[in-house]
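Modelling step: build the complete structure from the supplied sequences, incorporating the hints.
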Amino acid sequence: MSKELTPEECVKEARHVTWVGFWWNAALGLAKVVGGAMSRSGALIADGVHSFSDFLSDLIVLVMVGIARKKPDSKHLYGHGKYETLATILLSIVLLVVAIKIIVESVHKVIAVIDGEEIARPGLLALVICGASIVIKEWLYRYTRRVGQKIHSDVVVANAWHHRSDSFSSIATFGGVAGAMFLGDMGRICDPLSAIIVGVLIMVVAIKIGRPALSEMLEISLPEEDLNQISDAIMSTPGVIAFHRLRTRRSGANVIVDLHIKVNPRIMVEEAHDIATMVENGIHNIYGNDTSIVTVHIEPYHGS
Numbered sequence: 001m002s003k004e005l006t007p008e009e010c011v012k013e014a015r016h017v018t019w020v021g022f023w024w025n026a027a028l029g030l031a032k033v034v035g036g037a038m039s040r041s042g043a044l045i046a047d048g049v050h051s052f053s054d055f056l057s058d059l060i061v062l063v064m065v066g067i068a069r070k071k072p073d074s075k076h077l078y079g080h081g082k083y084e085t086l087a088t089i090l091l092s093i094v095l096l097v098v099a100i101k102i103i104v105e106s107v108h109k110v111i112a113v114i115d116g117e118e119i120a121r122p123g124l125l126a127l128v129i130c131g132a133s134i135v136i137k138e139w140l141y142r143y144t145r146r147v148g149q150k151i152h153s154d155v156v157v158a159n160a161w162h163h164r165s166d167s168f169s170s171i172a173t174f175g176g177v178a179g180a181m182f183l184g185d186m187g188r189i190c191d192p193l194s195a196i197i198v199g200v201l202i203m204v205v206a207i208k209i210g211r212p213a214l215s216e217m218l219e220i221s222l223p224e225e226d227l228n229q230i231s232d233a234i235m236s237t238p239g240v241i242a243f244h245r246l247r248t249r250r251s252g253a254n255v256i257v258d259l260h261i262k263v264n265p266r267i268m269v270e271e272a273h274d275i276a277t278m279v280e281n282g283i284h285n286i287y288g289n290d291t292s293i294v295t296v297h298i299e300p301y302h303g304s
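Every letter in the sequence shown is one number past the one before it in my numbering, and letter 289, counting from 1, is 289.
Possibly wrong hints are sitting among the right ones.
Unchecked claim - Okay, derived cross-link-like pairs now, DSS-like style, lysine-lysine, Cα gap no bigger than 30 Å in a straight line:
hint, residue 1, residue 2
1, Lys12, Lys150
2, Lys109, Lys12
3, Lys101, Lys82
4, Lys101, Lys12
5, Lys82, Lys71
6, Lys71, Lys12
7, Lys150, Lys75
8, Lys101, Lys208
9, Lys109, Lys150
10, Lys150, Lys262
11, Lys12, Lys262
12, Lys101, Lys262
13, Lys208, Lys109
14, Lys12, Lys75
15, Lys12, Lys82
FYI, nobody ran anything at the bench for these hints, they're computed from the structure. This structure is a prediction, so every number in the text was calculated from the model and none was measured.
Below you can see the structure in the form of structure tokens.
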């Protein structure tokens, strides 16, 4: 079983993987925009804009992860996990804005082609850049997602999906550029059509990463599977007769659990406190000491 990472180690891992993505995004974004201009490919330029949007996402991750993993203080008694949730929502919004912009501009180009306007045919350079981007971004997705899951960071996993969306967009761009190059005059419409596909794919990814973050920001309870696991841990604790008012929510990488347990009214206060501590430890064993905040209220049991 792998050793649980400390918050400091998690921040270090998150920053390292994000810096790796940051510099690759810089190189790919520049290559796509310059290459798209040189090879007259609107789809590749749109793909480059998408890569440059990853710049913003990487900067958000670098700033927010460091804040989110800080220990609780007098003003943030439940920690700083909501900063990570906010960062994930911001990532989703950035992706949505980029997607809408790409779709609108590409639809205008498709209409122009249908109306008889001639648009430039892309060059071979666009295909080469697309192929390289597909390979690099897929590798970045797998690498970033693995690290995000390892350190239990939603925002790093969300950033991984940002890489995957760029990989998908490069695949669509590759197909559009190839069609525009080899399918004759009407084939030129393939370039803006592929850009529309890119925009739709980006929009899907934005919704995929934004929905759970929004649920977390609205403090929706943990899934039923988690609730069952927590309930089993509570009722398996010696001295617990019943429990109620179980409330759960996520805050970034942290899980917050509040509950009331019922114990024998005749036991000593110290014994009741020990039972509550065992309940807390049982839940910590599920989510980790550094990533779970548990509050247990003790009540005397007087029957159902």
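How the hints compare with the structure:
1. Lys12 / Lys150: 12 Å, holds
2. Lys109 / Lys12: Given pair Lys109, Lys12 is violated - Cα atoms ~45 Å apart, limit 30 Å.
3. Lys101 / Lys82: Roughly 29 Å between the alpha carbons, so the hint for Lys101 and Lys82 holds.
4. Lys101 / Lys12: 34 Å, violated
5. Lys82 / Lys71: 13 Å, holds
6. Lys71 / Lys12: Roughly 15 Å between the alpha carbons, so the hint for Lys71 and Lys12 holds.
7. Lys150 / Lys75: With a Cα-Cα distance of about 29 Å, the restraint between Lys150 and Lys75 holds, given a limit of 30 Å.
8. Lys101 / Lys208: 19 Å, holds
9. Lys109 / Lys150: 43 Å, violated
10. Lys150 / Lys262: 36 Å, violated
11. Lys12 / Lys262: 42 Å, violated
12. Lys101 / Lys262: 57 Å, violated
13. Lys208 / Lys109: 28 Å, holds
14. Lys12 / Lys75: 24 Å, holds
15. Lys12 / Lys82: 19 Å, holds
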